[in-house]
Amino acid sequence: MAQSTLIEAVTDALRHEMRNDDRVVVFGEDVGKKGGVFGATTGIQEEFGDQRCFDTPLSECGIIGAAVGMAVYGIRPIAEIQFLDFIYPAFDQIVSEAAKMRYRSGGEYTCPMVIRTPYGGGIRGGHYHSQSSEAYFCHTPGLKVVIPSTPADAKGLLISSIRDEDPVMFLEPKRSYRSVKGEVPEGEHVVPLGKGRVVREGTDVTVVAYGAMVPVAEKAAEAMQQQGKSVEIIDPRSLVPLDEELILESVRKTGRCVSVYEAPKTCGFGAEIAAIVAEKAIGHLEGPVVRVAGFDTPFPYALEHLYMPDVRRVVAGIEKTFNW
Amino acid sequence: MARKSAPRRKSGSRKAPRKSAPGQVAGSARMLSVLKEDGSLDPNRDPGLPTETLLHLYETMVRVREFDRRMLVLQRQGRIGFYGPILGQEAATVGSVAALEDRDWIFPALREGAAALMRGLPLHVAIAQLIGNDLDRCKGRQMPCHYTFKEGNYYGMSSVIGTQISHAVGAAMAARLRGDDVVVAGYMGDGATSANDFHSGMNFAAVYKAPCVLICQNNQWAISVPISMQSASETLAMKADAYGMPSVRVDGNDVLAVYAATREAAQRARQGDGPTFLELVTYRRLGHSSSDDPSRYRDEAEVAAWEQRDPVERLRRHLEQAGNWSADDEQGLQDRIAAEVNEAIREAEAAGPPARETLITDVFAEPTPGLLADYRDWLAD
Ligand SMILES: Cc1ncc(C[n+]2csc(CCOP(=O)(O)OP(=O)(O)O)c2C)c(N)n1
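Sequences listed follow chains A and B, in order. Residues in the first sequence are numbered consecutively from 4, following my numbering. Residues in the second sequence are numbered consecutively from 765, following my numbering.
Isolated chain A, as found in the complex:
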């Protein structure tokens, strides 16, 4: 097994699936010769030609609209949106069209496609290059929402997403693109959607985190260890479908739950985790379910390190489940 960065694992998955299935095409702004602004499609056009990997006009609405038509016709589009912050012109195409295709046509037409896009803060991108708007998509029935936190998961989950029969939002934590490295199996490597991962076993409190918040949670767990508290970390890997059982099992064991997400706090996906735990594990709780999230503000530029949940805030959140 080779060590690779998260973004290399994304490229690896794209290449693997394009070799595997000639219906797979990749397109978006600057994905061709340049290989994408972050480099996720490096070498793809070179290997597969400009019919299967091509640049598009600067129109998110057009990129996703065309992708929907392709998927309906029967090929497997992978559309790259340069930053999640620029997806809104395509929002209608995603939530009204892709998400509803199978349902509205009684199953006659389907929309198997992947929308890959970097999301999240921590790269000094300011408001328009840092947001985490996964909750909008989780709120739309018909969309799967997948967020990897490690290179191996990035590869395995992306391959599953491409093979999935329904539209998948594949959100890549851009802060982790190069900062997170790990072993990635060569060749075929599939991680099923809907199966979470126990990042670290523990007995006293459960922290649910995904994407770039997983490494933060891991550091917070180390810090808590010094205080004699054993933290279990669950990475759901896909928010839709959600591995509820894994989370509930953990919370039933630990009796405490902290949900960490970098999006604004109100109606963030971590609030859904809190609701599920409150609804289905209330009898096991020994303290409040705590959300550690971004503030309910737009995403700042200069003070992003204060806006985003960091080790100190996650530790404080964990402590609240003990002292309340």
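The hints are simulated quantities; they were obtained by calculation from the structure and are not laboratory data. The beta carbon of each residue, even a glycine, is placed where N, CA and C say it ideally should be. Incorrect hints may have been included.
[Claimed, not checked] Across the chosen pairs, the derived CB separations fall in these ranges:
#, chain 1, residue 1, chain 2, residue 2, range
1, B, Leu941, A, Glu168, 16 to 22 Å
2, B, Gly884, A, Glu248, 45 to 51 Å
3, B, Gly884, A, Pro188, 44 to 50 Å
4, A, Gly190, B, Arg1110, 57 to 63 Å
[Unchecked claim] According to the in silico footprint, chain A covers these stretches of chain B (three or more CB under 8 Å from chain A):
#, stretch
5, 926 to 934
6, 1026 to 1032
7, 1098 to 1112
Using the hints provided, position chain B with the ligand relative to the given structure of chain A.
Same frame as chain A, now just chain B with the ligand:
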């Protein structure tokens, strides 16, 4: 053909949208027309269809018209919830779909339901869609007039105006990538030309030379908003110029002109010469839908003027003049269609409501565990 439809205006001569006399079409002299209102043909533009084909076009338009009329009646009687009639626009759909091959795909908008029937959607299944019952292929999940018919390469649209334009373009790109000899027809109304998806769809189509024909039924109205408020362009066809796409402005009430223009555009697409934009100039003679009262916003004189340009009568006149149609033929056809529609209504109305589990199926290939659990809880309560 596929010529640029309207000469560019001199720069700086942008006028305020003109007020036309009732029923007058801006730039009507520059529309492609074959079949005159008196039933005669322009010999230079006649696509030379065999009598058999002309009779087929005529019968199809009559069937579509009768279906449309009866469905509006069913709505008035409370037997279906809503209906969007197409009276006066029959030639646009029938002529364009007839010019395509069956393997070509159709991405319809609101007024192209007749295309599904032409592709073989049984009448009673279409009516089941309007009712939203167990026979409906959408499983009762969409409002009326949202047919879907995959066997006929007829796409099931949403209600969101304009979104299907880029779907048509994407499908055309996919067809070419697969090496399929398939052309895609993407339809829209005049209102849709203001939507962002029109811009992205037209642009993508032209940039990638997608094998498609983008067809706008300019019926002059988008609910209560007239075309003059929709666009300050002299014609809709001229919008294609800016995308580097050829366009044709066609008399949309002339089934032969529509047929000829579509056939040529489809041929261009098929041989790899890229997309064409067609503006079919027609008129919505009834309300936007069964919920609309057009007397609140438009002049009846305008409607009366358009009645004079009826697309169905125009072709009948031609057939009669050529000795290919008689009063007896007409009576026979009307009787046959009335019986067909009656039988279809009976069959459709016999079906029950959609099965309860259709509440949760088809969201994904398999329901998520969370949804399944909620559904089971609900069943148990
Ligand atoms: C995006 C969007 N906005 C508004 C509506 C409501 N609406 C339904 S039909 C319509 C007018 C459509 O006009 P046009 O495109 O000219 O088609 P026509 O109905 O005349 O065939 C409007 C405003 C809608 N369905 N979608």
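Comparing the hints with the structure gives:
{"no.": "1", "hint": "B/Leu941 with A/Glu168: 16 to 22 Å", "verdict": "holds (20 Å)"}
{"no.": "2", "hint": "B/Gly884 with A/Glu248: 45 to 51 Å", "verdict": "holds (46 Å)"}
{"no.": "3", "hint": "B/Gly884 with A/Pro188: 44 to 50 Å", "verdict": "holds (49 Å)"}
{"no.": "4", "hint": "A/Gly190 with B/Arg1110: 57 to 63 Å", "verdict": "holds (60 Å)"}
{"no.": "5", "hint": "926 to 934", "verdict": "holds (count 7)"}
{"no.": "6", "hint": "1026 to 1032", "verdict": "violated (count 0)"}
{"no.": "7", "hint": "1098 to 1112", "verdict": "violated (count 0)"}
In summary, the structure is inconsistent with hints 6 and 7 from the numbered list given earlier, while agreeing with the others.
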